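Two chains, two frames, some hints: make the complex.
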Amino acid sequence: MQHVPDITVPAIDVEKIRKDFPLLQEKVYGLPLVYLDNAATTQKPQIVLDTLMHYYIHLNSNVHRGVHHLSQEATAAYEDSRKTVASFLNARKSEEIIFTKGTTDSINLVAYSFGRGEIKPGDVVLVSAMEHHSNIVPWQMMCEDRGAELKVIPMDENGELIMSAFTELLTDKVKIIALTYVSNSLGTVNPVRDIIAQAHARNIPVLLDAAQAVQHMPVDVQELDVDFLVFSGHKIYGPTGTGVLYGKEEWLDRLPPYQGGGDMIKTVTFAKTIYNVLPYKFEAGTPDISGAIALAAAIKYVQQIGVENIQAWEEQLVEYAAQQLQQIEGLRFIGNAKHRSGAISFLVDDIHPYDLGELLDKQGIAIRTGHHCAEPVMGFFCIPGTVRASFAMYTTFEDIDRLVAGIKKAAAMLR
Amino acid sequence: MTIKEKQDELISDFSFLENWMDKYEHIIQLGKELPLIDEKYKTPDHLIKGCQSQVWLHTDMQDGKLIFTADSDAVITKGLVSLMITVFSGHTPKEIAESEIYFIDAIGLSSHLSPTRSNGLLSMLKQVKLYAIAYEAKSQSQKNGKEL
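Sequences listed follow chains A and B, in order.
Using my numbering, the letters of the first sequence map in sequence onto residues 1 to 415.
Using my numbering, the letters of the second sequence map in sequence onto residues 416 to 563.
The following block holds chain B by itself, in its conformation from the complex (with noise of 0.2 Å):
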């Protein structure tokens, strides 16, 4: 599935949860499978800045593709990260940085979040696409044989 049909289906799967109290049910349901980081990751320099509650984020490269594996000391937290990680994880970095991120706000997520939590996704997606730019640009200075 293209970053766009992922973000699609999870506007889709939320436009079936009537209320607030559902929609958050199901985000607290998907961080509670989000699946576990492996400790040596959760250091400071994996933290998310301008998130309240923490956020760790770690990124391998696969094939070419970016992983991402995450965890939050608040649940509520970890299912959005979870809805990061389900948008972005298994993608080139190319694609990553030159997607247009469009489901927070038509799940309503940036509206009905706590200000505090909305930054901090915010802050989140800036940088899981630092990340990729970063990724980006080392694959393409590989390309044209400079050493980094």
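For reference, chain A alone in the conformation it holds in the complex (with noise of 0.2 Å):
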């Protein structure tokens, strides 16, 4: 088999790195895994492992309430991982970031006090048509209940946004933009720069959902200047169940709390209730204390190799994977951005998508197979679904030429 172009970076050491993922060392159907379904959720090192088990044997104890030594240890380690996420997305203080159980929640929290707070009828919430579905029912939910109105901002035939056609919606009713940073069904990275800046030169604050972003890319919200960014632990080599919400302080400080419960109070009456300060007001009972920790020892690990590098060799990737599918007869792609990261979407003739993901599955292969949660997307390209194959730090060249051999031998089979 043929392999890799030239590996311009050096810099990772993918054998070393795929020995600290114990899950990459199984086999499915008695065949070495090739686990290519990562824009779902990614595997995780020993590092994130061990810190969840240390948590429980070490530290378990509640956390911001407790006199005793534990619950010292606990609250430290919990404050020390919220400093830790603060340093990685470069926010100006680590009170900007609220702990969530993942992405899909922080949308959530966002859309219900935004909507609470500055919502009202007639005002429009722009989303863009390539969001996940958790980028899109929050804010339906909140304009049902606000009376306002959701609007999207089209897409072309590549899977790229029409900015002029953005430009034309921003008016003086939009209260908000919510937007994906990379879409994870064609892997589209968006020109959030550009967006942000149309949108402050209006005043009008955006949301980025950076679920697919923050594990590929360095992201600095400073430089972005973004006024909230959301992403989900378990897709950065976190725990499932944990995630961010990175907001501006004054704008975190003006919305109303989310839920209500123990943490995020300050004292409470039956007459009146007042609330915590940040981050504490956005965090209602208690918290998943070792899925923070592990998040934290996550991003640690992530740091280590260096989001750069990561980024340098998923691009290789990406672009060895694209060349070499290219080749599969009656192969297209979904979604062709000149700028994308991390997953391709694709079909092959009119082979149905679950059929060829089942094949490769046999194969041991892992790839995703349908809508994505992605169903306006499918809509727009008018097909059932898509093949994705999406990247990791831990993928290899060789991966992706099992990929291949794979798809040939379903396709031949399906034919």
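There's no promise every hint is true.
[To be verified] Only pairs whose alpha carbons sit at most 30 Å apart, straight line, appear in this in silico BS3-like list of lysine-lysine:
| no. | chain 1 | residue 1 | chain 2 | residue 2 |
| --- | --- | --- | --- | --- |
| 1 | A | Lys83 | A | Lys120 |
| 2 | A | Lys408 | B | Lys447 |
| 3 | B | Lys447 | A | Lys409 |
| 4 | A | Lys248 | A | Lys173 |
| 5 | A | Lys120 | A | Lys173 |
| 6 | A | Lys408 | A | Lys338 |
Simulated from the structure, these hints should not be mistaken for laboratory data.
In this text the structure is predicted, and so the values were computed from the model without any measurement.
Spelled out as structure tokens, the structure:
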């Protein structure tokens, strides 16, 4: 089998990295696993697993309340994790980091609180045509609730946003723009800097769904000047059920709380509750303490390898995969943006994606088929779904070779 | 052949295929050979709910026996539909309604297919039995001289 173009980035030792991920050593159907479903979730390095275990063996205690030693230790570890996330995103303050259950939870929080605090009947919320359902439905619910209107920035057949249409949509009625940084179904990297600049010129805040961005490229919230940015822990090598909301302090201060309960209050009487300060105002109830600490371990692991190095490695993978896949007879890409990251979606002839996915699975290759929680995207391209291969820092050129060989074999059976 | 004999024959056919790629090849072949359904039956009310790929199922009564025709947009699904049709087509509603279906488990389809696919297969089975029960109820009430 033909291999690898010039590897220009020796900074990443993929074989060494792979050894850190126990699950990558597993076999499926007796075959070495080729895991190319990283946009759905990534595997976890040993340090993340060890951190979870260490927490429950040595630190387990509730945070922010106890006077005893363990509670203080747990609180310190939890708050240190917040600092790790803050420095990873280059937030001004760690109070601007809210721990959530994931991207979906973070977006629901902002949609609910922003809706309650800022949206009046007749106002407009802008999303894009390539959003994940989790960046559509919470806004839709809020708009229905507030009598506001959800409008959509259209895209073209390459899967790129039509920027002239975006500019036309920007009216004084628009109160917030919620946009994906990187499309989960198409891999498109959106021109977020341009969008944020145009929005800010009209004092409109922007929320970026960075669920498919933070694990693939450096993200600096100050440099982006973004108002809200959200991501999931489990897509950046951390545990499931963890997530982050970054919000500018002035916005988080201004918005009303999302859920009520313990930890988010300063004083409670039956007459009136005074809410706690940031970040606690938005973290009602006992948080996922072990999850947050393990997420910080995942982020430190990523920082140790270097996001820039990961980006350089993955760019080569995407380029190589696109080049190799293109040579398969009858294969067409769904989404062909000039700037893309992390994932490639495609179809082969009129073969149903489920059929292809199932036969790849039987060859030990994990990819995703279906609508990728982006039904409007599938509707736009008039297809039932796609086959999506998505990459991580531990993906190898051999993985891609096996994918290509697997598709050829499956397609020969299915044609 | 009875429904039971047909199932036993399918189980025996599959037992000769050693690995799962061979079994899939056989299923795909059956899918490709499945007679075409009349296009006029590919409507939403012929769609089976619970299938991730689309499956259209149509039933006809001929000489007291049910004849099934079907189609799908996915060829593996089509092969599975073909297995169903082989087992059930040409039997009376009573035979179908009372049949015990064990070939799906015996072939190993329920454990080897992806969960969405095997759920779809179960939906299809349920639908076939519902059709049979409905026809059976209809013929009973006609026997009793009642209007439906």
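Evaluation of the provided hints:
no. : hint                : in the structure
1   : Lys83/A - Lys120/A  : violated, 35 Å
2   : Lys408/A - Lys447/B : holds, 19 Å
3   : Lys447/B - Lys409/A : holds, 17 Å
4   : Lys248/A - Lys173/A : holds, 22 Å
5   : Lys120/A - Lys173/A : holds, 10 Å
6   : Lys408/A - Lys338/A : holds, 26 Å
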